[in-house]
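A.B. asks: Next come the chains, spelled out residue by residue.
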Amino acid sequence: MAMTANRAGQFVRLGETSRAPVLIHIDGEAVPCLAGDTVLTALLLHGRQLRVSEFGDGPRAGFCNMGACQDCWVSLESGERRRACTTYVQAGQRVLTQERP
Amino acid sequence: MTIGEKIVIIGNGPAGTRAVETLCRAGCRDVTVISEAPASGGQIYRRQPPGFTRDAKTLYGDDSDKASRLHATFDALADDIASRSETLVWNILDQQIYTHGPGGIEILPFDRLVLATGAMDRVLPLPGWTLPGVFTLGGAQIALKHQCCAIGRAVVFVGTGPLLYLVAYQYAKAGANVVAVLDSARFADKARALPRLALAPRLLLRGLVYRRHLTQRGVPIHEGARPLAITGDAFVAGLRFRDAAGEEHTLICDAIGLGFGLNPELQLAELAGGRTVFDASKRQWLLEHDGEGRVADRIYVAGDGVAIGGADVAELAGERAALALLADLGKAADRSRLDEIGREMSRLAAFRTGLDRAFAYPASWIAEQPDETILCRCENVTFGDVRTAIRRHSPQEVNRLKALARSGMGRCQGRVCGAVLAELLAATSGRPLETVGRLRGQAPIKPLPYVAAANQAATAIHDWMTTDEVEPVP
Amino acid sequence: MTGRIKADVAIVGGGISGVCAAYYLARHGARVVLLERGAVGSQASGVNFGGLRTNGRAEGELPLSLRAMQEWQQIESLVGDDCEVEFTGHVEICDRREHMATVESWANMARGYGLECELIGGNAVAERFPWIGRRVIGACFVAADGAANPRLAVPNFALAARKLGADIREACPVRSAAHDGSRFRIEAGDGLLVEARILVNAAGAWAGRIAAQLGERFTLDVMAPQMVVSEPFARRITSTVDYPVGGRYFYVRQVKRGNVLFGRGPGRADLDTGRAQFLPQNAFDASCIAMDVVPLLRGRSILRTWSGVEGKTPDSMPYLGLSRTVPNLIHAFGFSGHGFQLGPGTGAVVCELALDGRTATQIEAFDPYRFERATAAA
Chain W
67 MAMTANRAGQ FVRLGETSRA PVLIHIDGEA VPCLAGDTVL TALLLHGRQL RVSEFGDGPR
127 AGFCNMGACQ DCWVSLESGE RRRACTTYVQ AGQRVLTQER P
Chain C
9 MTIGEKIVII GNGPAGTRAV ETLCRAGCRD VTVISEAPAS GGQIYRRQPP GFTRDAKTLY
69 GDDSDKASRL HATFDALADD IASRSETLVW NILDQQIYTH GPGGIEILPF DRLVLATGAM
129 DRVLPLPGWT LPGVFTLGGA QIALKHQCCA IGRAVVFVGT GPLLYLVAYQ YAKAGANVVA
189 VLDSARFADK ARALPRLALA PRLLLRGLVY RRHLTQRGVP IHEGARPLAI TGDAFVAGLR
249 FRDAAGEEHT LICDAIGLGF GLNPELQLAE LAGGRTVFDA SKRQWLLEHD GEGRVADRIY
309 VAGDGVAIGG ADVAELAGER AALALLADLG KAADRSRLDE IGREMSRLAA FRTGLDRAFA
369 YPASWIAEQP DETILCRCEN VTFGDVRTAI RRHSPQEVNR LKALARSGMG RCQGRVCGAV
429 LAELLAATSG RPLETVGRLR GQAPIKPLPY VAAANQAATA IHDWMTTDEV EPVP
Chain X
852 MTGRIKADVA IVGGGISGVC AAYYLARHGA RVVLLERGAV GSQASGVNFG GLRTNGRAEG
912 ELPLSLRAMQ EWQQIESLVG DDCEVEFTGH VEICDRREHM ATVESWANMA RGYGLECELI
972 GGNAVAERFP WIGRRVIGAC FVAADGAANP RLAVPNFALA ARKLGADIRE ACPVRSAAHD
1032 GSRFRIEAGD GLLVEARILV NAAGAWAGRI AAQLGERFTL DVMAPQMVVS EPFARRITST
1092 VDYPVGGRYF YVRQVKRGNV LFGRGPGRAD LDTGRAQFLP QNAFDASCIA MDVVPLLRGR
1152 SILRTWSGVE GKTPDSMPYL GLSRTVPNLI HAFGFSGHGF QLGPGTGAVV CELALDGRTA
1212 TQIEAFDPYR FERATAAA
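Residue numbers (the numbering used here), protein chains in the order written: chain W, 67 to 167; chain C, 9 to 482; chain X, 852 to 1229.
Everything labelled a hint here was simulated from the structure, so no lab data went into it. Misleading hints may appear alongside valid ones.
Calculated pairs, DMTMM-like style, for lysine to aspartate or glutamate (alpha carbon to alpha carbon, straight line, at most 25 Å) [unchecked claim]:
| hint | chain 1 | residue 1 | chain 2 | residue 2 |
| --- | --- | --- | --- | --- |
| 1 | X | LYS1014 | C | ASP393 |
| 2 | C | LYS198 | C | ASP70 |
| 3 | X | LYS1107 | C | GLU380 |
| 4 | X | LYS1014 | C | GLU405 |
| 5 | C | LYS181 | W | GLU82 |
| 6 | C | LYS198 | C | GLU352 |
| 7 | X | LYS1107 | W | ASP123 |
| 8 | C | LYS181 | C | GLU231 |
| 9 | C | LYS14 | C | GLU114 |
| 10 | X | LYS1107 | W | GLU165 |
| 11 | C | LYS74 | W | GLU82 |
The structure displayed is predicted, hence computed values, not measured ones.
For reference, chain W alone in the conformation it holds in the complex (with noise of 0.2 Å):
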């Protein structure tokens, strides 16, 4: 089920709106983010959840926020898989967020 550009996302900005925008693809969807957002900042600005458990228990989004926990792989199109908590964004990424892996 795809989600609704007006949906809140999960994050709230603070601050810190003056950096480079980098455009990526969330689900098909072109999504403005700012030069050194993580791809869980830029999925979780954007939506609420970076995945769906492989094992039933339902969507996911992250839990450590620091490379430790593995909660976060997400799946790009091309197949490729990234720890979103330690990727930063980088233009033409087009991630997956609904994806059983």
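Using the hints provided, position chains C and X relative to the given structure of chain W.
C.D. replies: Leaving out everything else, chains C and X in the frame of chain W:
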């Protein structure tokens, strides 16, 4: 005086930075520093990405001077060391470390190794803790410090420990909406710990300042509070808890920062031959060392990756481990400095026991978790699943329980659930926690891409797979 | 644990051979004590690939293997747990003519034992196993082969054995074993004395030491199987695949939960500590093979590696049979990395040897004294 031994340091937080500094100052010329993060500072003094403009005071508050000095120290050494950032060390074997970074896998031999691998949050599962919107206290702090974001529009901080108050305070100060702070520790526990806490008066005062700031902003602080369940369907919608008087309440919120202290990351030290020792007062396994950071032949350790001590202790431990290393290389030991460090660390260790007493990990809640609560979030194994395995097989120790119930077999390798699994086994079988052991570290300590591994195959294998001898399909 | 136990049969070693022997003996009403130095199934029996394979097995092992397979097919009724057993088939793929010829002749031999196997051509392989990335000229597919979870198998057999009355002692290493003319006396653990008429030496890599205590010498080396497991993801690898590279087999399968498992040794093991080390080069080599044979693994990550301690004989066939020099001593060790599937068969055979002095299953190839005979004949 040049020292040519090949020294590798893993981690460049407070402990790693001071170790590097001490070694370089003494003349070590072949020092390689490896860190997973893109920049130095560790977690507590994590640096913001390029393009961010907040100053040190905003980022690090009362610790801004320490943070700036630490960063400057590391930066000044840049030309004297080889640095590998965004690089994971995933194995240690036969005096070599195995790394994976932007350029692929590297196998680096070393003469001496310093491990400063830090810690991660200590968790306690409760119903709903895997919902989107639940983060560790450390994770919530990183969202703020490293990304200038709050984890939600209405955040509740739950758990115990000094970090609970620090992160809540930082959020409130940054303008985030902090709905409440729930501390499992009771006021009485903190009062009893006061004599020890007073050994570090400035740190004690800071904690009180954070609390007062929160209270002044109208953030309710519930002590002796017991979180019962995080509610919500696809994401956090609320938190049900019981207050110290026994009354149940529900808070509306959309994000939770959850944490009950910290757990040292011991996996690399274990792979390198380090041994662990159980600390009953902390209910944790710590690295066993000789009092100066020596943990195995040519291997030294420092910082929160040994035992939780905080950033100041980590800096001292990093310096001390480096001095021990230098002494082992034949350099005259700076005994007066070592003694000074020892005295300071003793004082801070005593303070730390006060923190342990004031903010004890509420282990008894683990046995009381309902069967449906998830224990291992990687593999979606519930408390009920684990209890069933324990009842059926009566495993004697936690690695066997992992094999039977799958808890700890997931991507995080038991980092998050391992200690909880041990507590549940101990409680269910009525045995002391120490006797059930801890999950054994295995390589790779974090997931390692197959493609990277494949690039390291022996030539003969590459040749076999690409030979023209292969027959065409008839 | 101090004490004195009298039993009909004492078993040294809590791997799959010993534990299955305990199970079948207990089922037949014998009083059994099993002594294990660590936890049951913690060495080779718990760290192997989990393959339930007849495909490609040496001819001498086929009778035992087929007997064992019948037990695996009823595992849930035997031990009350399915041990994640599934029969998803095993395919050995060939991209070299010489190998294909070997496989064809194996298939012809195996059919003589009643084993059903299919020889298929390269196109059929591509059609039926589209996830195999390698061009092949053909393959041998055994549909009735499968796999189990080795970490569940031995603990569940041990539980079932205990329920039938077997006394299984863990954390109880054997200190000494001797025969006093009428029975075996075994000292184990902290002052435990076991007296039994029959002794089964199922001590795996340590069996040579046990045998030596009783005056017998067998050639037994230590080996360490090396396993690599992936993160879980949607299952697409539907059968086990076997593919020899440079003379050593690479084998891979994907479990129902989605983890992909493959193995390639050799590793490094220490008999005294009971520890085995995973040597990373094995993971590198095996990953290179895997990228080619099952390319859907690209983009995925290794989660964990492990190893264990196993005993290996000069011809990689086990020692299974009655001792010639010590009365009522049965040897059952040296499975050289492929004893897991044989386990229930081994246990049943040991039970027959113990209670009847003989077995109907062909075990000549496992004669513990075959190397002496060869030397004598030379």
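A.B. asks: Now tell me, hint by hint, if it's right for this structure.
C.D. replies: Now the hints, each set against the structure:
no.	hint	in the structure
1	X:LYS1014 x C:ASP393	22 Å, holds
2	C:LYS198 x C:ASP70	22 Å, holds
3	X:LYS1107 x C:GLU380	23 Å, holds
4	X:LYS1014 x C:GLU405	21 Å, holds
5	C:LYS181 x W:GLU82	15 Å, holds
6	C:LYS198 x C:GLU352	23 Å, holds
7	X:LYS1107 x W:ASP123	17 Å, holds
8	C:LYS181 x C:GLU231	21 Å, holds
9	C:LYS14 x C:GLU114	15 Å, holds
10	X:LYS1107 x W:GLU165	18 Å, holds
11	C:LYS74 x W:GLU82	23 Å, holds
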